[in-house]
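Chain residues, written in single-letter form:
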Amino acid sequence: KQEVTQIPAALSVPEGENLVLNCSFTDSAIYNLQWFRQDPGKGLTSLLLIQSSQREQTSGRLNASLDKSSGRSTLYIAASQPGDSATYLCAVSGWGKLQFGAGTQVVVTP
Amino acid sequence: GAVVSQHPSWVICKSGTSVKIECRSLDFQATTMFWYRQFPKQSLMLMATSNEGSKATYEQGVEKDKFLINHASLTLSTLTVTSAHPEDSSFYICSAPTGKDYGYTFGSGTRLTVV
Chain W
43 KQEVTQIPAA
53 LSVPEGENLV
63 LNCSFTDSAI
73 YNLQWFRQDP
83 GKGLTSLLLI
93 QSSQREQTSG
103 RLNASLDKSS
113 GRSTLYIAAS
123 QPGDSATYLC
133 AVSGWGKLQF
143 GAGTQVVVTP
Chain U
60 GAVVSQHPSW
70 VICKSGTSVK
80 IECRSLDFQA
90 TTMFWYRQFP
100 KQSLMLMATS
110 NEGSKATYEQ
120 GVEKDKFLIN
130 HASLTLSTLT
140 VTSAHPEDSS
150 FYICSAPTGK
160 DYGYTFGSGT
170 RLTVV
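Just so you know, the sequences run in chain order W and U. First residue of the first sequence? That's 43 in my numbering, and the numbers climb one at a time after it. First residue of the second sequence? That's 60 in my numbering, and the numbers climb one at a time after it.
Watch out, some of these pointers could steer you wrong.
Some chain W residues close to chain U (C-beta under 7 Å, calculated; not the full set) [claimed, not checked]:
#1 Gly-85
#2 Phe-142
#3 Val-148
#4 Pro-152
Hints in this document: simulated from the structure, not taken from any laboratory. Glycine included, every Cβ here is placed at the ideal spot set by N, Cα and C.
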């Protein structure tokens with residue numbers, strides 16, 4: 043059974059600092075890995091999608107890496123802004139289902 | 060890009076009544092729709108998977124007679140919470156796969172409060 047773990051559970055940083063969010067998964071037989079952002083009381087917004095054959099994806103200030111053999115992915119957010127405050131979820135896709143981690147709650151203080 | 064429209068965004072209902080939540084794929088055909096529920100400060104829990112034209116598949120522990128799922132067309136899937144009770148109060152979100160390169164797209168969620 044696939045298990046997805048996100049560390050840390052919560053993170054508070056001052057504005058301008060870089061964010062590093064970690065995601066690990068137990069079964070390397072994944073189709074892809076997706077990072078999402080969720081604002082309080084809202085749905086999920088897709089940030090980055092990494093196919094199992096890829097090592098990283100970048101979009102603006104966001105960069106996500108994937109090491110399938112070790113079961114790890116890292117989301118980097120450069121030069122954090124207060125607007126980056128949200129919960130970040132990683133999810134792995136395999137066998138037709140999406141398995142989520144518990145999320146990392148991020149607070150960026152001005 | 061692929062968009063899933065979910066309605067209503069919030070609903071308050073009396074205990075014992077039923078509530079229907081709709082998810083529509085606006086610019087693509089969703090042959091499959093996933094339904095999740097999320098409790099405060101917790102991650103998403105998959106409830107069931109619906110496929111157009113066939114019966115939904117429910118995850119272990121989810122009551123199929125309480126959470127009725129219908130996927131009658133390629134653009135519409137509905138979740139009906141029957142005889143709702145306060146313990147059914149939660150955040151419900153739908154999601155559809157959008158193809159190999161695009162992963163999954165999610166609805167905006169429905170906050171259900173049963174009083």
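For each hint, the structure was consulted:
1. Here the hint on W/Gly-85 is kept, as its CB sits about 4 Å from the closest CB of chain U, short of 7 Å.
2. Interface hint at W/Phe-142: satisfied, since its Cβ lies 5 Å from the closest Cβ of chain U, which is below the 7 Å cut-off.
3. Annotation: interface hint on W/Val-148 violated; nearest CB of chain U at approximately 14 Å, more than 7 Å.
4. Because the closest C-beta pair between W/Pro-152 and chain U is about 24 Å apart, greater than 7 Å, the hint is violated.
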